[in-house]
Amino acid sequence: MSIDKDTAARVAKLARIKVEEDALPALAQEFNTILGFIEQLNEVDVDGVEPMTSVTPMRLKRREDVVTDGDQQEAVLANAPDAREGFFAVPKVVE
Amino acid sequence: MTDLNTLTLFDARDKLRDGDVTSVELTEACLKAIEGAGDLNAFVHNTPEIAMEQAKAADARIAAGDAPAMCGLPLGIKDLFCTKGVPSQAASGILEGFTPQYESTVTQNLFDAGAVMLGKLNMDEFAMGSSNETSVYGNVTSPWRRGNDDAALTPGGSSGGSASAVAADLCLAATGTDTGGSIRQPAAFTGIVGIKPTYGRCSRWGIVAFASSLDQAGPMTKSVRDAAIMLEAMCGHDPKDSTSADLAVPNFEAMLTGDIKGKKIGIPKEYHMDGMPEEIEALWAEGREMLKAAGAEIVDISLPHTKYALPTYYVIAPAEASSNLARYDGVRFGHRATLAAGDGITEMYEKTRAEGFGDEVKRRVMVGTYVLSAGFYDAYYNRARKVRALIKKDFEDAFAAGIDAILTPATPSAAFGLGEMNDEDPVKMYLNDVFTVTVNLAGLPGISVPTGLDHQGLPLGLQLIGRPWEEGDLLNTAYALENAAGFVAKPGKWW
Numbered sequence: 004m005s006i007d008k009d010t011a012a013r014v015a016k017l018a019r020i021k022v023e024e025d026a027l028p029a030l031a032q033e034f035n036t037i038l039g040f041i042e043q044l045n046e047v048d049v050d051g052v053e054p055m056t057s058v059t060p061m062r063l064k065r066r067e068d069v070v071t072d073g074d075q076q077e078a079v080l081a082n083a084p085d086a087r088e089g090f091f092a093v094p095k096v097v098e
Numbered sequence: 004m005t006d007l008n009t010l011t012l013f014d015a016r017d018k019l020r021d022g023d024v025t026s027v028e029l030t031e032a033c034l035k036a037i038e039g040a041g042d043l044n045a046f047v048h049n050t051p052e053i054a055m056e057q058a059k060a061a062d063a064r065i066a067a068g069d070a071p072a073m074c075g076l077p078l079g080i081k082d083l084f085c086t087k088g089v090p091s092q093a094a095s096g097i098l099e100g101f102t103p104q105y106e107s108t109v110t111q112n113l114f115d116a117g118a119v120m121l122g123k124l125n126m127d128e129f130a131m132g133s134s135n136e137t138s139v140y141g142n143v144t145s146p147w148r149r150g151n152d153d154a155a156l157t158p159g160g161s162s163g164g165s166a167s168a169v170a171a172d173l174c175l176a177a178t179g180t181d182t183g184g185s186i187r188q189p190a191a192f193t194g195i196v197g198i199k200p201t202y203g204r205c206s207r208w209g210i211v212a213f214a215s216s217l218d219q220a221g222p223m224t225k226s227v228r229d230a231a232i233m234l235e236a237m238c239g240h241d242p243k244d245s246t247s248a249d250l251a252v253p254n255f256e257a258m259l260t261g262d263i264k265g266k267k268i269g270i271p272k273e274y275h276m277d278g279m280p281e282e283i284e285a286l287w288a289e290g291r292e293m294l295k296a297a298g299a300e301i302v303d304i305s306l307p308h309t310k311y312a313l314p315t316y317y318v319i320a321p322a323e324a325s326s327n328l329a330r331y332d333g334v335r336f337g338h339r340a341t342l343a344a345g346d347g348i349t350e351m352y353e354k355t356r357a358e359g360f361g362d363e364v365k366r367r368v369m370v371g372t373y374v375l376s377a378g379f380y381d382a383y384y385n386r387a388r389k390v391r392a393l394i395k396k397d398f399e400d401a402f403a404a405g406i407d408a409i410l411t412p413a414t415p416s417a418a419f420g421l422g423e424m425n426d427e428d429p430v431k432m433y434l435n436d437v438f439t440v441t442v443n444l445a446g447l448p449g450i451s452v453p454t455g456l457d458h459q460g461l462p463l464g465l466q467l468i469g470r471p472w473e474e475g476d477l478l479n480t481a482y483a484l485e486n487a488a489g490f491v492a493k494p495g496k497w498w
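Sequence lines, in order, name chains A and B. My numbering applies: residue 4 is where the first sequence begins, and numbers increase by one. My numbering applies: residue 4 is where the second sequence begins, and numbers increase by one.
Any given hint might turn out to be false.
[To be verified] Just the calculated beta-carbon pair ranges, DEER-fashion:
(1) Met61/A to Asp428/B: 45 to 53 Å
(2) Ala492/B to Arg87/A: 33 to 41 Å
(3) Lys64/A to Gly68/B: 52 to 60 Å
(4) Gly100/B to Lys64/A: 34 to 42 Å
(5) Ala12/A to Ala492/B: 46 to 54 Å
(6) Val302/B to Asp25/A: 52 to 60 Å
[What the hints assert, rightly or not] Think about it this way: if two alpha-carbon atoms lie no more than 30 Å apart in a straight line, the pair counts; the simulated DSS-like pairs of lysine-lysine are:
(7) Lys95/A to Lys354/B
(8) Lys87/B to Lys64/A
(9) Lys64/A to Lys396/B
(10) Lys395/B to Lys64/A
(11) Lys8/A to Lys396/B
(12) Lys243/B to Lys64/A
(13) Lys21/A to Lys431/B
(14) Lys95/A to Lys365/B
(15) Lys354/B to Lys21/A
(16) Lys272/B to Lys431/B
(17) Lys431/B to Lys16/A
(18) Lys395/B to Lys16/A
(19) Lys354/B to Lys8/A
(20) Lys272/B to Lys8/A
(21) Lys365/B to Lys21/A
(22) Lys87/B to Lys16/A
Since the hints were derived computationally from the structure, they do not count as laboratory data. Quantities reported herein were computed from a predicted structural model and do not represent experimental measurements. The beta carbon of each residue, even a glycine, is placed where N, CA and C say it ideally should be.
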């Protein structure tokens, strides 16, 4: 399995990371090195093995479905790059 | 009197309780040491005001006869821990200016136990790296050097600032985190002790997430006893982390008897790697002899899937990272790119993330995105999760056969020079974690103990791996190894 420039561009798009056109070949090469290393996993017989979901067997705890926190608008917005009138502000999303 | 910043937690605790020293004096000694250690680039956000305030409060508590475990002891905190009102950037440009409005559970536990925070410690960006060369703050330099050679060496990573600071006596101990070896490898490179507890022992709440199923916090200290003292203060059940174990925390320090008679120590044959330096093999053989002389039984074991641990890790960790790091979108916190006219929200995400993340982080996020993408999810991600189950089973089989702990080298080499790996492909750097990463995949506790020096005078460490939730027993075995090795070397001060 070899990653070409187009696949690298598609992955960058999916990851929402802008990669300049001229950087794509080198990126594809790096992916190939890493994925080549990962390919070793194909040697392992995994028939009948359940994929691990939790490394320490545990039941997730349940709690009452009640509000435990709130009224933190100021704290929530304190680190926002652009907060206005109590909201996060972003570029126009809907035309 | 010895310089106060060079004390262990244990010695400082005794001196505080005996009234021989105050927390203010200890803290001032550390702050002075930090001021003179700019060359190491270990501390990146200093918090002297907070430290002095906490030290005074600790002295008042001690005077009032209320001295909890860490009372008055000055620590460094890895930048990955969110600390209220103090910049916490995970050494990333994307969290530039981020000041948490809350405190991580681990740091809160330490503060509740009376600890003093000197400042935040440098690290690899988002804990992704093995040499502390991916930080937005720049490289950390190890206090250690090869003999008289003044080439700058790596302290290891990702907890490189923590390792450098503890080894250089800038603080009494430090917090670290370990996803694939990020506590144990830097501890081994700098001649200190580092333990990664069982997955679930320390709450992950308020620790910037890298790979949630692998991340664990732990202490980095000057001795095994110190590791026991500090780990006990850090861990405990936390309802805010759903994977935090609701188990009582034992008194780890009380379990340090040094008696390991009859303990079965496993030596996994798969950890003899091709091309491993002679010195590492010799160090490992010496470790076996030391434990045997202390009364343990040495047993050859097999962990057959060891070779697949690193490739498994490099599917699972990037996959989880790509999900965790999706939150850095320029909306709620941290950096947002300056947008051009007509840029919409997608351009905002893409430019923000391109500017804010470093190369290694981008690489891992994109690899993670790829292995989780439609068509490859089964071939890569699900297969890796199956192999992970087999790796865990290898350990379970060994423990079921009566093995109490497993002894391995901590790293495949001593510390290398900063920049020496620049021209290598990323996979070469990943090999640093070959002995440690299995432990994260299996969720087990692992500890690195310094046991010798290489021919250039650089520290080398051995790793002990324990049964789940049996950190106390593991620490005791490590204590016996530490006693037998008698490692006392310190780096000569050049900074």
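Evaluation of the provided hints:
1. Met61/A to Asp428/B: 45 to 53 Å: Since methionine 61/A and aspartate 428/B have Cβ atoms about 38 Å apart, the given range 45 to 53 Å is violated.
2. Ala492/B to Arg87/A: 33 to 41 Å: violated, 58 Å
3. Lys64/A to Gly68/B: 52 to 60 Å: With Cβ atoms ~37 Å apart, the hint is violated.
4. Gly100/B to Lys64/A: 34 to 42 Å: holds, 35 Å
5. Ala12/A to Ala492/B: 46 to 54 Å: Distance hint for alanine 12/A, alanine 492/B holds at roughly 51 Å.
6. Val302/B to Asp25/A: 52 to 60 Å: holds, 56 Å
7. Lys95/A to Lys354/B: holds, 16 Å
8. Lys87/B to Lys64/A: Cα-Cα ~27 Å, so holds.
9. Lys64/A to Lys396/B: holds, 25 Å
10. Lys395/B to Lys64/A: holds, 24 Å
11. Lys8/A to Lys396/B: violated, 39 Å
12. Lys243/B to Lys64/A: holds, 11 Å
13. Lys21/A to Lys431/B: At roughly 26 Å apart (the allowed maximum being 30 Å), lysine 431/B and lysine 21/A satisfy the hint.
14. Lys95/A to Lys365/B: With Cα atoms ~26 Å apart, lysine 95/A and lysine 365/B stay inside 30 Å; holds.
15. Lys354/B to Lys21/A: Holds: lysine 354/B and lysine 21/A sit about 6 Å apart, inside 30 Å.
16. Lys272/B to Lys431/B: Between lysine 272/B and lysine 431/B the Cα gap is close to 22 Å, so the pair holds against 30 Å.
17. Lys431/B to Lys16/A: holds, 27 Å
18. Lys395/B to Lys16/A: violated, 35 Å
19. Lys354/B to Lys8/A: holds, 20 Å
20. Lys272/B to Lys8/A: violated, 41 Å
21. Lys365/B to Lys21/A: At roughly 10 Å apart (the allowed maximum being 30 Å), lysine 21/A and lysine 365/B satisfy the hint.
22. Lys87/B to Lys16/A: It is violated: about 34 Å lies between the C-alpha atoms, which goes past 30 Å.
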